[in-house]
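S.K.: These are the residues of each chain, in order.
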Amino acid sequence: MSTTTASAESKNLIEGKTGHWEVVIGLEVHAQVLSKSKLFSGAAIAFGAEPNSQVSLVDAAMPGMLPVINGFCVEQAVRTGLGLKAQINMRSVFDRKNYFYPDLPQGYQISQFTQPIVGRGELVLDLPGGESRTVGITRLHLEQDAGKSIHDQDPQLTFIDLNRSGTALMEIVSEPDMRSAEEAAAYLKKLRSILRYLGTCDGNMDEGSLRADVNVSVRKPGAPFGTRCEIKNVNSIRFVQQAVEYEARRQIELIEEGGTVKQQTRLFDANRGETRAMRTKEEAHDYRYFPDPDLLPLELEPDFVARIKATLPELPDEKKARFMKDYGLTAYDAGVLVAERASADYFEAAAKGRDGKSAANWIMGDLFAVLNKTGVGIEQSPVSAEALGGMLDLLKDGTISGRIAKDVFVAMVETGKPAKVIVEEKGLKQITDTGPIEAAADKVIADNPKQVATYKGGNQNLIGWFVGQVMKATGGKANPGVVNEILKKKLAE
Amino acid sequence: MSALTDLTLAEARDGLKAKKFSAAELTDAHVKAVEAARPLNAYITETPELAKKLAAESDARIASGDARALEGVPLAIKDLFCTENVRTTAASKILGNFIPQYESTVSGKLLAAGAVSVGKTNLDEFAMGSSNATSAFGAVANPWKRKGDNRPLVPGGSSGGSAAAVAARTCLGATGTDTGGSIRQPAAFCGIVGIKPTYGRCSRWGIVAFASSLDQAGPFARTVRDTAILLREMAGFDAKDSTSVEKAVPDFEKALTGDVRGLRIGIPKEYRMDGMSREIEDLWAKGIAWLKDAGATPVDISLPHTKYALPAYYIIAPAEASSNLARYDGIRYGLRVPGESIDDLYENTRGAGFGAEVRRRVMIGTYVLSAGYYDAYYLKAQKVRSLIARDFEEAYKKVDAILTPTAPSAAFALGEKSDDPITMYLNDVFTVSVNLAGLPGISVPAGLSSDGLPLGLQVIGRPFDEETVFRVAGVVESQAKFTAKPDGAA
Chain H
1 MSTTTASAES
11 KNLIEGKTGH
21 WEVVIGLEVH
31 AQVLSKSKLF
41 SGAAIAFGAE
51 PNSQVSLVDA
61 AMPGMLPVIN
71 GFCVEQAVRT
81 GLGLKAQINM
91 RSVFDRKNYF
101 YPDLPQGYQI
111 SQFTQPIVGR
121 GELVLDLPGG
131 ESRTVGITRL
141 HLEQDAGKSI
151 HDQDPQLTFI
161 DLNRSGTALM
171 EIVSEPDMRS
181 AEEAAAYLKK
191 LRSILRYLGT
201 CDGNMDEGSL
211 RADVNVSVRK
221 PGAPFGTRCE
231 IKNVNSIRFV
241 QQAVEYEARR
251 QIELIEEGGT
261 VKQQTRLFDA
271 NRGETRAMRT
281 KEEAHDYRYF
291 PDPDLLPLEL
301 EPDFVARIKA
311 TLPELPDEKK
321 ARFMKDYGLT
331 AYDAGVLVAE
341 RASADYFEAA
351 AKGRDGKSAA
361 NWIMGDLFAV
371 LNKTGVGIEQ
381 SPVSAEALGG
391 MLDLLKDGTI
401 SGRIAKDVFV
411 AMVETGKPAK
421 VIVEEKGLKQ
431 ITDTGPIEAA
441 ADKVIADNPK
451 QVATYKGGNQ
461 NLIGWFVGQV
471 MKATGGKANP
481 GVVNEILKKK
491 LAE
Chain U
1001 MSALTDLTLA
1011 EARDGLKAKK
1021 FSAAELTDAH
1031 VKAVEAARPL
1041 NAYITETPEL
1051 AKKLAAESDA
1061 RIASGDARAL
1071 EGVPLAIKDL
1081 FCTENVRTTA
1091 ASKILGNFIP
1101 QYESTVSGKL
1111 LAAGAVSVGK
1121 TNLDEFAMGS
1131 SNATSAFGAV
1141 ANPWKRKGDN
1151 RPLVPGGSSG
1161 GSAAAVAART
1171 CLGATGTDTG
1181 GSIRQPAAFC
1191 GIVGIKPTYG
1201 RCSRWGIVAF
1211 ASSLDQAGPF
1221 ARTVRDTAIL
1231 LREMAGFDAK
1241 DSTSVEKAVP
1251 DFEKALTGDV
1261 RGLRIGIPKE
1271 YRMDGMSREI
1281 EDLWAKGIAW
1291 LKDAGATPVD
1301 ISLPHTKYAL
1311 PAYYIIAPAE
1321 ASSNLARYDG
1331 IRYGLRVPGE
1341 SIDDLYENTR
1351 GAGFGAEVRR
1361 RVMIGTYVLS
1371 AGYYDAYYLK
1381 AQKVRSLIAR
1391 DFEEAYKKVD
1401 AILTPTAPSA
1411 AFALGEKSDD
1421 PITMYLNDVF
1431 TVSVNLAGLP
1441 GISVPAGLSS
1451 DGLPLGLQVI
1461 GRPFDEETVF
1471 RVAGVVESQA
1481 KFTAKPDGAA
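Residue numbers (the working numbering), protein chains in the order written: chain H, 1 to 493; chain U, 1001 to 1490.
Just so you know, the hints here were simulated from the structure itself, not pulled from any lab data.
The beta carbon of each residue, even a glycine, is placed where N, CA and C say it ideally should be.
Any given hint could turn out to be false.
Covered by chain H, per the in silico footprint, the following chain U stretches (three or more residues, Cβ under 8 Å) [said to hold, decoys possible]:
1. 1092-1106
2. 1199-1211
3. 1239-1248
4. 1328-1334
With the rest of the complex left out, here is chain U (with noise of 0.2 Å):
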């Protein structure tokens, strides 16, 4: 039943809705296709049993014609987000066997609108990382590789299952999380659509916290349309949430008219890199001209702080990091490695939880959080922070959207940069803006390169308006035409 898991979300809702096949037959189709990818290791956790009782009540519901919005579609939900009764990592040993008697708010969205949980995907571990090689649960393999090179690549990260899950055909669409890059720049290294929302449209609560002011959830899908479909599920004011926002969330699947004449679409220069790859430079002049033939207007935008995203954001992040995952303690669950003092029992517990990246951004936030130098680091980063948010908001005085390259480059092989934390780090040059800035950004596919490696393009829009960055990103994916599929897809 190959064709099954070829199909997009859309498609699969519109069969399912005509009764073309059943929920139990779509399922049945993908949790084949989740045993059949074991090797790309993009699941911690696989949910066949629960995915089975979940589509036979979808089918039930199709019968008797009370169907919801996402009846019986097989999704995949990242291991950062609490299931209840069903083991969440955060792709940690410190978690340990950890299982939640709680759904976090935006995977008990999916489900209340009919959505199937085939599994738990793989990420960097607590979401630090941008390969997905610091899970403790292995590093993810790309289901794409280089032309004649059958080394394993990088899926990217941190969600770097639930892209590669999405990529290799064992669901229809998969939530991830986003801190500086995390669901877009994976989106862009398998050849796959992801968008970050804006910060506050999705519930935070029951996601495993990385940086609270940074992170937002947001889906991965093969097409525009596939997560414009799931943000509308997944998005909405959560009380429990102080920082989501009361707004309502509208049908974005509408927003896909097509139609992009008239709008101003920003080209930063800033982000017009020394040393950026020829590939990169030229998606991203086809982009342009991709969105001009379409009746929009390039227009030359200048974000001039855009140099101090990347030393701020690695600020930032870890500061809040360092005291997110101080309740790893080995006190009240997860890992404990007993000591001879308290004292002892935290280092130990947290020496050995902890994986190295995880405990070098712990290193990185204690310090630059200490008496001394909160000044010289936190207060300054946040004032850069502050600058990027007012770049942005000068340049919509002008522009509707922004579009820029994904990332610096492709997907690399596993190994290939992790010796060198920094080269890693400058993976999110192109998303962590957006992030600080607290904007909706999304990556579409829009080519391969000269390898045959998928690139991703990201159009950002103004806070709370991703009608408007999914209406530019569906003209981009209907102008890229990108129909190649990696060898590795079931």
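Chain H extracted, bound-state conformation (with noise of 0.2 Å):
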């Protein structure tokens, strides 16, 4: 699946004390499906509710209770199945998987062990420098979440909190086809991108909603892959990076040091960035998949999976490709803008019939600079969409200097108001009438001879201090253009 040529790989090889290294990664994320209700029963779902408030008789598992597959899950997991391009199953059959834990009423976990929902797909990785690569999606199934294990509130006691009991998981597994921390930063950001374009999981790492167990192994540039260990439940992309890095380090060190690597699962410690090896349990679990008899194999319509394939939104790399044929933007450009729907729509209706670049340009620079400053969203934007278009109108049209732009921005930040209306009251307004700028660039010839003399003799690169002189004797009102034009004209007399 992967698409990597050596000459890309190169540049992500580790050099340990023995020569270069190179990390391979998968990732398993799990992926709390967006939807109202649990994957087996009509319970609520909402994030922060007082423990246990969220519980049906189906998620505490009372004797006689039955699991009803909620049909809109299965939607969303067709959604993002048709969204990672992957195969979708029209049968797939649910498996009990048996293991006793407290925070798992059942006693059993409801998942797809042998026939997941979703088969084989991709998923396009974007690097920096606008470059790309496909990474292989293994599969996608669905899976119930267990409740939550409270350790903290009696010395003695474990408290247990069900409410995510029972709540729709997807799992989704990538291919080995990772090469560097950054790569596996790009794969979940994409990933994420991804589900919120579909609205099949809001991606909030902070609640849990997205956790991703991370696959490491190493091994020498076209070795076979070597012994990986699984880090489990990273919950933010920073970390995923950092445990790749910190995982890929110590099992080169341990290789070059003469020991080997053993499979296990680890955790990572993120104050300390480092990942450790979980308690092993003496036995080895033994989950006992089989079919779970409660409920019967899932069949899909062709019409199901048409309806929900015909009502797919654009998703993140036909709007990048658009982006770049439409309004001429880069593949940096174009991949930044479209990672958050919000964004990529924000572009849309403030560039819409006018020039991409440059709205491009003030979004990913001077509005997002105001964004990250104080924190707030694009859909918070104080400045809308709208607004910078008018901006940009006034722009075009020569109202306005790009340097005067820069003031009317942070006006317009700061106030509120339109461009127009503070271009107005300010008195912004280009000076395009030829009279003062003849004025201010006579004047200017006038008080700086030695410099006249010097563009004279020949250093025609002058002629950028000249205007300059001039943009600021007008108060940076004057066109820059028609400057140019008149210093030339005078100083070439």
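Two chains, two frames, some hints: make the complex.
M.R.: Encoded structure:
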């Protein structure tokens, strides 16, 4: 599935004592399905609700209770599969994964083991410098989440909160196609972006809606895969990157010092920036998977899939291609703008019928700076897309210069007023009348005989300095093009 | 008022409608009979107050002319059905004093049809057993005894309490569940009628699960007609059970035409087993003759995979049970025996809460699902199951119903077989195939053994063709003229 070339790989290699090493990464992401109710019960789902307030008889595994599949969750899984350009399996089976744990009320998790709802797909990574590369998706399956064990409320007792018990998760498994911490981070970013575009997962990692198990191994370039370690439940993109970097280093050092990597489950300690082996249980888990006899195999109708397909939104990759084609954006700019649906929508509203490149520059420069500084999302931007568009229009028709536009933008952020009003109130209208510009040019020439002599002596580059002086004299309101023209004419006399 | 308890359900229904007696009188007579039959230990929980309240409501409805299908009819509910605000134990210590806040779909439908619940009946723990001896609440005694022998006999299992309760005239009908024969075998042992409908006919919602792919609810009563009346009220699609089937429920009573002319009745040669008792063989032959006399055509058929049914069943059922019973962990409800660690808590709770037979089946089930054994046991058993279902499909190309004995013997004495689980499991030899194939099967009392115990014949039908099953069973019943009553009846 990978489209990486050798040269692309080589720059990701890690320098060890015995030469170069390659890190191999695969991710298993658990994405909570965006849905009003749970996978097999009608209980509601809301983050931060009172403990045990969102638990049905089914979620608590009361005697005689039976699961009933939530059709909307199936729809969401299919939608996600289609968004990942994956094969949709028209027949899939729910299995029971049996193990005892206090926050697992049934004593088993209903999951999909041998026949998942979604098969092979792919995801395109957007890498720095506008490069991209494809990572294979192995499968996506639906499963129930467990409840939560709370150990810090009492010195002796563990408390159980079943609110999350039975919530629908999509487990999305990648191929071991990533070759650097940056690529792992790019994968997670892109996956989150696609899920958010599709509306199938809110992607809020800090609320646990998206969690990643990161599989890491190292090898000498061209060698077979090494033994992997799985770092469980990493809950931020930055942590994924740190965990991979640390783990790859650890494995390389271990091997170079004559040791061997043991396949194990590790956890990432964010405070210390390191991975640690989890306490190994004495007995290996045997989950005794078997098809859940309470549920029939899930059979999808072709119409059902077709209907979902017909309502898929434009996804980041297509949007990016369109932005490049229709607005002349670079791959990098287009990639940044489409990463979030809101910024893509903002861009389109601001750029429609205008110069896309200029709109992109303003959004990615001045607007993102303001948003970053104030910590608000683009949805709450103090300058609406329409307002920015209005300013771009004033720039285009020469009412204001680029330099004045910077001031106008700041005033728009501060006052919320349209550019037009600000320009009028502050008298920032660009001077296109040649009279005052000629007067100012004459004065600059008269006041600076030395520079005039140098210019005339052959240093034509000095024109920029003259333009600057005239702009300064006119308070920046003069049209720089006009100034340039007039100065050239006068200095040639 | 012993006459009231001796009525059939249909007679009682009609008598109530004709106001020959009141629901209160009918219920009172049965509540007294429940008390009188306490030595049988057929009930785990008696609900006389609830019964009287429901009977009063029924009388009010009868008076105002809006009586429902089972208005005022006293019934017993197997203690595997969760009943709202009435203790539900599954005959296990592990559920302790569990009082559900919900009513199972099937028992709820019966109540909604006007039935009066007199109590919750005893059973094998989690419905695992063929003798009702594994109950944590003590064994149930069959109201029947051998001639000249006072030893208590088992009522069969797992729905032994329900069968004994109906046979002893403490109620007009009862609910049961049948996973491998748990309705039909006790019906045969107690000389009454019991039907396991097609898998998916009745909702499993609210019934404590034993083996989900095999469990099915069904009624007991003293006549075929009575079970037909009850099944109509119990059956129906339930959105809360994904395995229940969306099919209209026919008026089964109307199927009792008494006319089996032209029907082809399959007689499977594989059910003629080595060492089968003469009595059972003779009874079967009689059954064939009765149907032939009535105009049906016996047809020899083969169900070649029959001999694999019992081993397949005793892999699949424990496998599902081992998973279904994992929820009884001492964390949220039921018994909890504390321990030093969470593993100790689980082990202490489940060790103390489950009886020996349940523990045995949980261990067998865990074993057959284990990595490395799954393919050899569970997967193979599922393949056998498909083959058994296909045997029946093939047979039903040639016949309309199948006639077999219900059980290989009459009721046995308490303790006679419980030392050896394999002998005990053999009780299900004629019944398990029906569960594996998901078919409807009924047991009809058809005669007495030489020592005076009832024997049953089983009629097996096509999926969702309970009507033919009832029709054939009705003819067997009327030809058999089974009128014997146990001495233990009130």
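S.K.: Each of the hints needs a verdict: does it hold here or not?
M.R.: A quick look at each hint next to the structure:
1. As drawn, the segment 1092-1106 of chain U meets chain H at 6 residues by the rule of a beta-carbon pair under 8 Å; at three or more, the given contact holds.
2. Counting residues of the segment 1199-1211 of chain U whose beta carbon lies closer than 8 Å to any beta carbon of chain H gives 7, which meets the minimum of three for the stated coverage.
3. With 5 residues bearing a CB less than 8 Å from a CB of chain H, the segment 1239-1248 of chain U meets the requirement of three and the coverage assertion stands.
4. Coverage of the segment 1328-1334 of chain U by chain H holds [criterion: at least 3 residues with CB-CB distance below 8 Å; count 4].
Taken one by one, the earlier hints all hold for this structure without exception.
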